[in-house]
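Chemist: Each chain, letter by letter, is given below.
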Amino acid sequence: MKEPLAIRIGSFALLLSAGFMLLTGSVWRRQVLPDPSTKPPARPPLSLPSFVTAPLITTPEPAQAAPAVATAQSISDFDLVRNATFTGVTRRDGQLYLTYDPAQKRGKQSCPT
Amino acid sequence: MKRKISLLLSALFLHSSWGPELKWLCNPVLSCHSCVLAWFACPVGVFVHYSGYHVFPFIALGTVLLVGVLLGRLLCGWVCPFGLVQDLLHRIPTPKIQLPAWTAQVKYLVLFLMVFLFPFFLGEQTWLSFCRICPAAALQVSIPGLIAGGASSVSAATLVRFVFLGLIVALAIVSNRSFCQVLCPIGALLAPLNLVSFWRIKPPPENCLECHKCDKSCPMTVTPSARILNKIPANRALDCIVCHECQDACAQINSCAPRS
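Protein chains in written order, with the numbering used here: chain R, 51 to 163; chain P, 5 to 264.
Here chain R stands alone, though its shape is the one from the complex (with noise of 0.2 Å):
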């Protein structure tokens, strides 16, 4: 039985194209956040209950000014991947808002998952 090569190609060159198309459409591809003046609103209740997220051993740590909450009004997909990877969008009533104040610098920064 031989490689059934019209179907392996006529796939091969369908799917490298739906990759060059997905990727040439997240050059154009813009995400619209709110105002930066908004927040975003509380968590639901379907979020981790705090027994998981909770140290087993805990440590009293300093007072902290709550963070600043500030959203840009558009970014990238690209940005949106960059921000994935340290959950710095999250999605609250069907609208994302960033979780960090992108005026201020920041160094390299880890996903709380």
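Keep in mind that the hints were calculated from the coordinates and are not lab data.
The beta carbon of each residue, even a glycine, is placed where N, CA and C say it ideally should be.
One or more hints might be untrue.
Some chain R residues close to chain P (C-beta under 10 Å, calculated; not the full set) [said to hold, decoys possible]:
no. : residue
1   : Phe62
2   : Leu64
3   : Ala68
4   : Gln81
5   : Asn133
6   : Thr135
7   : Thr137
8   : Gly144
9   : Leu146
10  : Tyr150
Keeping the supplied structure of chain R fixed, place chain P upon it in accordance with the hints.
Modeler: Okay, now just chain P, sitting in the frame of chain R:
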């Protein structure tokens, strides 16, 4: 040997503080982008987050498609740092087992449920996402976090991740590349692309001797001889990681190679 060097070099070079931060681009291997040393974004992590955002993952899917269509699962065999970890673990001398063939289907379920479906309905931070049990994240993020933060940084989520890492390590010791075969969602994404990929492992130039050396050398036990006998490239199998071990072991190819 060349493959081991490639795996080692990519593990070192793709996770180094002097490298560029290209986290707007996905590298289709299991390497957690949450590691501060990682250069690229993990496609699985990006899929999980985009599912939670309800946004179509143009870049992640486009990259996986392009790489997969050109190379198949070549990166699994030659670049994936967690593949290197499994290869090293399997060298530990213990009795070895072969997992049943049906277990190879589990990774497609994991991909569908834990990468796309659960994060879509429950949000990207759901306990049921693949990132919560990812062994690469445990190695690259949770263990360094534990060392840096001490016992106070351990949460139930970290413990769950460690339990899964322990299971996967134990399986990797007794069964070669068992994680790639059973659980890896990137493997599940790339596997069908092996069937159409541009990259191919050449069958022997003359009739196969049916010595089955290729079958014995295959780390994924996907019996390359079955395809070689039919003059089909050996990597046209879903679970082949395109390691070329079968080609190196082939008596026919080696007998045709110029002698020094």
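Chemist: Compare the structure with each hint and give your call.
Modeler: Against the structure, the hints:
1. Phe62: holds (5 Å)
2. Leu64: holds (9 Å)
3. Ala68: holds (6 Å)
4. Gln81: holds (7 Å)
5. Asn133: holds (8 Å)
6. Thr135: holds (4 Å)
7. Thr137: Given a least distance of 7 Å, the restraint on R/Thr137 holds.
8. Gly144: holds (8 Å)
9. Leu146: holds (6 Å)
10. Tyr150: violated (15 Å)
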